[in-house]
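Here are the chains, one letter per residue:
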Amino acid sequence: AEPFKLTVQLDWVAEPEHGGFYQAQARGYFAAEGLDVTIIPGGPNAFVLAKVATGQADIGQADSTNTLLQQAEGLPLVQFAAVFQDDPSGLLVNAGSAVRSFPDLQGKTIIARPEWAFLPFLKKKYGITFNVMPQNFSVAAFLGNKEAIQQGYYIAEPYHIVAAGGKEPRFLSTWEAGFRAYAVLVTSRKFANAHPTELKAFLRAYIKGWRDYIEGDPAPAHAAMKAANGNNTDAFMLASRQLLIDGKLVTGRDADGGPQNIGRLSPDRFATQISQLEELDILPKGKVTVPQAMTTAFLPVE
Amino acid sequence: MRRPFLNILLPLGTGLLMVACWYAVRHALSEDLKFLLPTPDEIWAALQANSESLSRATLNTSKGAVLGFVLAVVVSFGLALILSLSHLIRASLYPYLMILQMMPIIVIAPILVLWVGAGLNSVVIITFLICFFPLVVNTTQGLISTDRNLVELFRMYRATRWQETFWLRVPAALPYFFTGLRIAAVLAPIGALVGDYTAGSSAGDGGGLGFQAIIYSSQAKYSALFATAAVTCILGFVFAGAVNILSWLALSKWHDSYHRTDN
Amino acid sequence: MRRPFLNILLPLGTGLLMVACWYAVRHALSEDLKFLLPTPDEIWAALQANSESLSRATLNTSKGAVLGFVLAVVVSFGLALILSLSHLIRASLYPYLMILQMMPIIVIAPILVLWVGAGLNSVVIITFLICFFPLVVNTTQGLISTDRNLVELFRMYRATRWQETFWLRVPAALPYFFTGLRIAAVLAPIGALVGDYTAGSSAGDGGGLGFQAIIYSSQAKYSALFATAAVTCILGFVFAGAVNILSWLALSKWHDSYHRTDN
Amino acid sequence: MPVPPIVAFNHVVKRYGDGPVVIDGIDLTAAPGDFISLIGPSGCGKSTLLRLIAGLSPLTGGSLTVDGRTPEDAAAELAFVFQEPTLLPWLTVAHNIEVAQQLRGVSAADRATARRRAVELVRLHGRDSAYPRQLSGGQKMRVSLARALTLEPKILLLDEPFGALDEMTREHLNEELLDIREKQAWTAFFVTHSVAEAVFLSNRIIVMSANPGRIHREVRVDFPYPRTEATRLSRPYHDLVAEVSGLLRSVENT
Amino acid sequence: MPVPPIVAFNHVVKRYGDGPVVIDGIDLTAAPGDFISLIGPSGCGKSTLLRLIAGLSPLTGGSLTVDGRTPEDAAAELAFVFQEPTLLPWLTVAHNIEVAQQLRGVSAADRATARRRAVELVRLHGRDSAYPRQLSGGQKMRVSLARALTLEPKILLLDEPFGALDEMTREHLNEELLDIREKQAWTAFFVTHSVAEAVFLSNRIIVMSANPGRIHREVRVDFPYPRTEATRLSRPYHDLVAEVSGLLRSVENT
Ligand SMILES: Nc1ncnc2c1ncn2[C@@H]1O[C@H](COP(=O)(O)OP(=O)(O)OP(=O)(O)O)[C@@H](O)[C@H]1O
Ligand SMILES: Nc1ncnc2c1ncn2[C@@H]1O[C@H](COP(=O)(O)OP(=O)(O)OP(=O)(O)O)[C@@H](O)[C@H]1O
Ligand SMILES: [Mg+2]
Ligand SMILES: [Mg+2]
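Residue numbers (my numbering), protein chains in the order written: chain A, 1 to 302; chain B, 1001 to 1263; chain C, 2001 to 2263; chain D, 3001 to 3254; chain E, 4001 to 4254.
Worth flagging that the hints you see were computed from the coordinates, not collected in a lab.
Careful, some of the hints might be misleading.
Quick look at which bits of chain D chain C covers, simulated, 3 or more residues with Cβ under 8 Å [unchecked claim]:
no.	region
1	3069–3082
2	3086–3093
3	3098–3106
Taking lysine to any residue and the SDA-like style, the derived pairs with C-alpha atoms no more than 25 Å apart in a straight line are [said to hold, decoys possible]:
no.	chain 1	residue 1	chain 2	residue 2
4	A	190	A	290
5	A	167	A	107
6	A	167	B	1117
7	B	1253	D	3017
8	B	1034	B	1230
9	A	248	A	203
10	B	1034	A	289
11	A	287	B	1050
12	E	4154	B	1150
13	D	3154	D	3104
14	A	146	C	2036
15	A	124	A	280
16	B	1034	C	2108
17	D	3154	C	2163
18	C	2063	A	227
19	A	190	A	38
20	B	1063	B	1077
21	B	1253	B	1148
22	B	1034	A	55
23	A	108	C	2036
24	E	4154	E	4173
25	D	3154	C	2155
26	A	226	C	2059
27	A	146	B	1111
28	A	123	A	183
Residues from chain E shown here face chain B by an in silico Cβ test under 7 Å; the list is partial [to be verified]:
no.	residue
29	4054
30	4056
31	4075
32	4076
33	4080
34	4086
35	4089
36	4090
37	4100
38	4103
39	4131
The beta carbon of each residue, even a glycine, is placed where N, CA and C say it ideally should be.
Please model the entire structure based on the sequences and the hints provided.
The following block contains the structure:
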């Protein structure tokens, strides 16, 4: 039969956080499932959720926090698989800084996306206050200021900082603070209703791709990502992949973590996140329920 | 003048037309795109719902916009005076002014933040950078377009450079100057907004309109986002209104742009 | 004219001075801030090292800049013609043009991306939005500043509206028009760059300079980032050069800005 | 012969904006073919009168018909030499001369012929490609005159066209003007400060008084056309010049 | 008396840019107190000559000293009434008149006095607060004249100041000019197209020829100052006017 055409909107330019897609694509796993997948690289303003909600892309990569917020605004989205069991966004702290744990952030200035829900979460949880400066994908302020604290992606920024001659930064992760957001795959309700079979097929291939990427030879994915993003170097991709593996981002850091966990979403964790966001007044109370937010219907059954 | 009611009716009419178009476009949008274009009443509701944080943000952004604008006017005026001195000076300095204008904010912002700190200072400088070029170019062109006969009159009477500049070239350049001002008035609030979301700070009272815009945008609060934009526009109208009044005061008595027909 | 060697020496001199300042500032920077301001030779090296991706990006951005610029010139010219018709029309339409200019890109970008798709289309529209306002304001002011005596001459000879516009007001507005063009020429590349990093797409051949800038910035590749800025500036110089040549062709024979003294 | 007047002022009043009355109660009719000179003190409203005829300025009171129509409608029949040269600075002399005809839709070939003749007439040969800023004051006025003369209008309005010219050129142009009048048979309103010129050219001289501008007296000049150098030397001519000068003096001393 | 000349042209040549020679080999010296009229065909270089004296345009050849210095250095001694009114459109009549004195640093009180006298002289009372665009052509020229007269210069350059004025005003200003000359004792260069005016005002008349501009002949006018209405009616006056007119004619017919 004709392969089923499907587009995936990435949240950033092709980098190892998209290893699962590229490995599955390069190894032909998608094709084997009868899918013709087009991967659209993202960038600073990829508008992933809006594109998926409006049908300009079928599947998108995003983080669960933002997705919940946009679902509350009525975007017809559904989260149907995990990319990472924990969102790798966290705080980078300059090696020279005295800040070692969250309470030390009291009174500091943090360079971050202003909308990041983790920030009010920290304020509330630790009873601290700090300033926020908008982050523009730049690590300059971080490099230039020994005291700087900046939002960063665990598997990318530390590498670039070291490569640019900086000291390896400390990383304060969201999960340590108990803020358990996922990096997720989303699709629109419409697409989910119309194409359950294809979504299941997609996830089978995708999960296989991730597993192959972190356990096997990443070369096919790396070659494809290099082709898609000329700024990728082998050294960076290998280092980034290693951080993915060491941080157990794909497989999960909880006790039950492991390759069988790739892609899994937990309704309980979603319930927790929703109530956390509601308590912070970021999410209007009762606006989103777990069944509206996510589904495990397309994940392979164990 | 002869039909004063038209003076009110026509602008009002176009306004209503625009709002009608707005609703029409929104109506034509497919159901799942509607969220992108909230209706005016939704925006109005969002404005009220967020009035507290928006008014705080507006105050912050206004500060940045006013200071950046004033700075741009003063500096560009001085620069234009220098540039108007000779072709040679223009050839020597223009490229660097152009570079200043063309430096992407994304390159400048981190440097600024490290240098003067995030927040008002940076916002003012970014607003300045965005406003000053149209002012320099217009004022300079005005200063060098002075009627040659009048220049000769002044040369003839051995006016000092200072007198030639301030009694002749500057008044003669006013129509150009106000044109630049009209552009800069509109750029100032938007410049402050850009400054705010590239180098603002939530310190103190929580950032300006740019900050709010990012937050609303990433949370898909489009009504609130448009409310932010509406506030920015209102700010711009205030600026532009002030410029128009000044322009009227300075030019209406003598410049042809205010006298198309005689009566 | 009398000192032709100065014509080359002075600009060259300021250029060297700037470079010297650059090195001095860099020298004065504390060791751990030096990375923020790469030296010209580092930038040059980065330019060569990244020549392939930069030239691809430059091509993309140039396309956006040229198309957006041309679109802005054409549309703004038409709009200015309409606006120049009467005070009433200006009062009715100006506010909406201002709104168009004041709409923060952050509000427009998602709509654009969803509507015309990320990439060239969006970049062209954003460039257009950034360039067109200075053009409209200048051209309109030029069109309404026509010498009243000449207007009366044309009225007298019952020139059609069309003739009055194209034979009289348009040529008389050229000095203003070129002033606007000079501003827009500098805004076009930067507009394309902004468009590229707010609504560009890396699909196809990999985005433009704005995209590169963000990537380099996030990867702390400052020399490459400055190389990107340098390319943007060069693009701007090409635009400005073209505008200067056109302006010379159109005005040098008759306009006082090209004849400060007689000889 | 009761030919209908080509220009008819009827109690015309004019003020600019809310300024003082500039022209007050003007009654004046011009028959086709009249050559009417307007003389009077500076600021008495001569230019204003011509501007009213040309429809460039609205009346404040009274009525005015030109060629049986409103001044606005009749403008296609007019040519006007303004008091100032009013040249387009971005056009060469040749183009400046042709522009009026171009506005009337005259073909390029006819324009060029008419332009060459006019350039010859105002003695500006060889300056065709000069720009206005390269011309002397008198040369600019001559370009402006040439532009009007290419039009062959029904009514010709001339506002001190020869003020900036030397006597010789002036006399030459006076004679040329009468020559063309023979052929083109327009009606002329001619503002001048030279009484001699007014007497030589016109069949009617209107002497105006100022503050507000009024018609003080009309003088008929009955010398036959064509007038020549001989007219200038004749006794009646000199007497009339003296008479009009006297009138002018009396006007200004009130 | 071998007083040093106040203006001395020595083989002066002038061309604009790479255009044709406009003025060719002018030799002319003016003694202090001279009232020199320049007459000649339109475009012969009269305005250019004044511009050279004022230092507004560089010489192409020859040399020129003004008050023993270069024209540029001597400019503080000059007042110039340009051929065009050259008023600042954003200033009222009063301010336009005062601006020249202001440039010379005259105090506000003295300026106001001088301005009131000048306004009276050119008969513009009551128009002090008008803007140039509200004035008639002749009124503008009178403002320009008033501006120059407030300066009490050593050398006065007048480029057809009365061309746009009616005969009465013109004669009035002629007489006023001679009056002021008695008191202020400047040297004047006066461009006019009226031979009668030139004869009435000046002690020397320079008749110029055109293409290129050359001095054709100088005519001395030996009537004693002060000259009055009686001078105008005298026989020698009329003879001289006729003579100069004849010269002018001969110049233009070559
Ligand atoms: N700026 C200029 N560039 C080139 N040529 C010029 C310029 N100014 C004047 N000329 C030319 O020089 C000649 C002399 O001009 P000038 O103005 O001195 O004449 P003029 O004697 O004052 O004439 P008029 O009586 O008409 O005022 C003219 O032929 C004129 O075309
Ligand atoms: N646009 C205007 N606004 C106000 N007043 C004006 C305007 N134009 C002319 N005037 C006034 O109207 C009166 C008549 O002006 P007009 O130009 O008709 O005089 P004129 O007879 O042509 O004088 P001249 O011989 O000096 O050219 C003058 O007192 C003048 O100040
Ligand atoms: Mg007049
Ligand atoms: Mg002259």
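**OP:** Check each numbered hint against the structure and report the violated ones by number, ascending.
**Re:** No numbers; nothing is violated.
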